[in-house]
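*Asks:* First to last, the protein sequences are chains A and B.
The opening residue of the first sequence carries number 1 in the numbering used here; numbering runs sequentially from there.
The opening residue of the second sequence carries number 1 in the numbering used here; numbering runs sequentially from there.
No lab work stands behind these hints: they were computed from the structure.
In this text, a Cβ means the ideal position worked out from N, Cα and C, and glycines have one as well.
Check before you lean on any hint, since a few could be wrong.
Below 27 Å or equal to it, Euclidean Cα-Cα: the simulated DSS-like pairs (lysine-lysine) are [stated by the list, open to error]:
hint, chain 1, residue 1, chain 2, residue 2
1, A, K137, B, K123
2, B, K25, A, K153
3, A, K148, B, K25
4, B, K123, A, K103
5, A, K68, A, K230
6, A, K68, A, K103
7, A, K137, B, K25
8, B, K123, B, K190
9, A, K178, B, K123
10, A, K153, A, K131
11, A, K103, A, K153
12, B, K203, B, K123
13, B, K123, A, K148
14, A, K178, B, K25
15, A, K230, A, K148
16, A, K131, B, K123
Computed, partial: chain A to chain B, Cβ under 7 Å [stated by the list, open to error]:
hint, residue
17, R122
18, R123
19, G146
20, V292
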Amino acid sequence: MAPETRTQSQPEKRSEPTAATRVDANRPVAEPRPEDIDPTAVFDLEDLSVYYGSFRAIRNVDMTVCQKQITAFIGPSGCGKTTLLRCFNRMNDLVDIARVEGKVLYHGVNLYDSAVNPVEVRRRIGMVFQKPNPFPKSIYDNIAFGPKVAGVKGDLGEVVERSLRRAALWDEVKDRLKDSAMGLSGGQQQRLCIARALAVDPEVILMDEPCSALDPIATGRIEDLMEEIKSEYTILIVTHNMQQAARVSDRCAFFTAEVNETSDTRTGILVEFDRTEKMFSNPSDERTENYVTGRFG
Amino acid sequence: MADTSVEVAPFSVASLRGNPGRIRKEAAIRGVFFAAAALSIVIMALIVLTLARETYTFVSQVELAQLWSDGWFPRRALYDIRTIVVGSVLVTVIAMLVATPLGMGAAVYLSEYARPRVRGVLKPVLEVLASIPSVVLGFFALTWISPEIVQRLSDRASLFNLAAAGIGVGILTTPLVASIAEDAMGSVPKALREASYGMGARKVTTSVRVVIPAAVSGLVAAFIVGVSRAIGETMVVAIAAGASGGSLFSLNVFDRGQTMTAAMASLATGTDAVVGAGLTFQSLFFVGSLLFVLTLLLNVFADRYVRRVRQKY
Ligand SMILES: Nc1ncnc2c1ncn2[C@@H]1O[C@H](COP(=O)(O)OP(=O)(O)O)[C@@H](O)[C@H]1O
Ligand SMILES: [Mg+2]
Chain A
1 MAPETRTQSQ
11 PEKRSEPTAA
21 TRVDANRPVA
31 EPRPEDIDPT
41 AVFDLEDLSV
51 YYGSFRAIRN
61 VDMTVCQKQI
71 TAFIGPSGCG
81 KTTLLRCFNR
91 MNDLVDIARV
101 EGKVLYHGVN
111 LYDSAVNPVE
121 VRRRIGMVFQ
131 KPNPFPKSIY
141 DNIAFGPKVA
151 GVKGDLGEVV
161 ERSLRRAALW
171 DEVKDRLKDS
181 AMGLSGGQQQ
191 RLCIARALAV
201 DPEVILMDEP
211 CSALDPIATG
221 RIEDLMEEIK
231 SEYTILIVTH
241 NMQQAARVSD
251 RCAFFTAEVN
261 ETSDTRTGIL
271 VEFDRTEKMF
281 SNPSDERTEN
291 YVTGRFG
Chain B
1 MADTSVEVAP
11 FSVASLRGNP
21 GRIRKEAAIR
31 GVFFAAAALS
41 IVIMALIVLT
51 LARETYTFVS
61 QVELAQLWSD
71 GWFPRRALYD
81 IRTIVVGSVL
91 VTVIAMLVAT
101 PLGMGAAVYL
111 SEYARPRVRG
121 VLKPVLEVLA
131 SIPSVVLGFF
141 ALTWISPEIV
151 QRLSDRASLF
161 NLAAAGIGVG
171 ILTTPLVASI
181 AEDAMGSVPK
191 ALREASYGMG
201 ARKVTTSVRV
211 VIPAAVSGLV
221 AAFIVGVSRA
231 IGETMVVAIA
241 AGASGGSLFS
251 LNVFDRGQTM
261 TAAMASLATG
271 TDAVVGAGLT
281 FQSLFFVGSL
291 LFVLTLLLNV
301 FADRYVRRVR
311 QKY
């Protein structure tokens, strides 16, 4: 599939290291040339493929993710949405057999450059998981965890309050900050996880089907919350719920899985990536149209 | 089955009664399992009863001065409890000083750091280590740990000493502690680790702040099982602490010493077992009771502690 929706695709630009980086030995990471950087682009994927062992889960993805927008990934289950999302903050490093080919450029820096420390990446690019996973600690300690590991000393009460307020959870928990987070409802736990991610002031938040374990009311609250914080954060969300993608996202990427010719496996591909409005009203690709209208086979 | 389908009986309680043969079989199986459970309880009760009876005989006949003297010399009817209790405590403390850091460290490495292939090799090695006969370690303690480690730490140390025995017991206990601790950390959900890494935590931070607190009940259990094992270990101490005849009271770990278990072993194996001479035979049971109560208390306290600090996930 040709990535015609990529805003500016000039991959040859970055294949050569610039003169500046070649002379400066103190710069371990290849620095992008200023003129290469689109000011609104946060991520630029270049020909990204992810393998689990010899199985290719998703291939040749090219896309640009813009700042302070909500970008949704939709597609049938097993097409590699989670796999792709976990490339944006190198969470795939935790899977021993996972291997990434291609580039994930974050403000022009390839996150998979050998000089990049995944710990630093994850402090800037937070993640919210499919199943709420609060630590079995107090509500306060859950929020304070990130700032603490980032080395913030002293009283974190203010950070905790601010993060909980931003996640629209403060009023519900302000009287029981010392209680275990495990006592909260599923929806509250997920908002706590969002608050926890916000507490370290990330630039980007990755969400992997954050509402799939929640009831419609809790889902609605999380959607409202995303709407509210999107002016400050860049959000990438995987969702199996097309209405949700249509409601919350600015841009939407549709993936599907293609059967491989040589083996009995399926590999995910990016079919179409465009403004959400267009994706749902007038998609360019027939497969997208079939999927969004519910005629997906 | 064919005739039931032909003859349609009216629906009643009988239709829901089930197969009588199966029900009888079920009852029989239940009986067998109950008997097995009951038997083990009866055996336990008998052991405790015997222990209690002989202990009572001992306590009611022994004089207080015999229980608080210069040392443990059953042949001379000197049963100084301090000597053997302190001996056991010293050996156990030394053993746990060795086994806790080594065992927990190995567990953290195996569960958090080792790649699957390394773990696949190391786990079985650990299990083999756990099955080294304690006699072998006893000799190792006597012939290597004592001269090469203990006597270098203190030139006044005798060849037989409590420190060498303690280190030997510690080595013996390490695989057990490591194995239980590793199981505990391995059962911490992956989602918690991901939450931590997702926040930009490093491996150390994740291990120390997330995995270990979440596994604490299992880790305490590993420690307690280790302590019980160390207190109960007999052979290493009997060989390396060198007090088959008896022992003077001493707090010096570089000295010879006697533990409860080693005292029992030497009482039972002959050198001291002048059967019928005074209360020597009964003193065996007395020490046994002491050991029993001690480990029981340990387990009760551990249970309480674990209940208090456990993080539910
Ligand atoms: N840890 C893993 N090891 C091996 N295969 C995996 C792993 N995670 C996912 N996969 C495979 O990769 C493919 C894509 O999975 P995933 O990214 O979870 O899809 P989605 O999130 O779109 O449902 C699936 O075929 C899945 O079986
Ligand atoms: Mg998924």
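*Asks:* Does each hint fit the structure? Answer for all of them.
*Replies:* So, going through the hints one by one against the coordinates:
no.: 1; hint: K137/A x K123/B; result: violated, 31 Å
no.: 2; hint: K25/B x K153/A; result: violated, 67 Å
no.: 3; hint: K148/A x K25/B; result: violated, 61 Å
no.: 4; hint: K123/B x K103/A; result: violated, 37 Å
no.: 5; hint: K68/A x K230/A; result: holds, 6 Å
no.: 6; hint: K68/A x K103/A; result: holds, 22 Å
no.: 7; hint: K137/A x K25/B; result: violated, 49 Å
no.: 8; hint: K123/B x K190/B; result: holds, 20 Å
no.: 9; hint: K178/A x K123/B; result: violated, 39 Å
no.: 10; hint: K153/A x K131/A; result: violated, 30 Å
no.: 11; hint: K103/A x K153/A; result: violated, 36 Å
no.: 12; hint: K203/B x K123/B; result: holds, 21 Å
no.: 13; hint: K123/B x K148/A; result: violated, 34 Å
no.: 14; hint: K178/A x K25/B; result: violated, 54 Å
no.: 15; hint: K230/A x K148/A; result: holds, 25 Å
no.: 16; hint: K131/A x K123/B; result: violated, 31 Å
no.: 17; hint: R122; result: holds, 4 Å
no.: 18; hint: R123; result: holds, 3 Å
no.: 19; hint: G146; result: holds, 4 Å
no.: 20; hint: V292; result: violated, 30 Å
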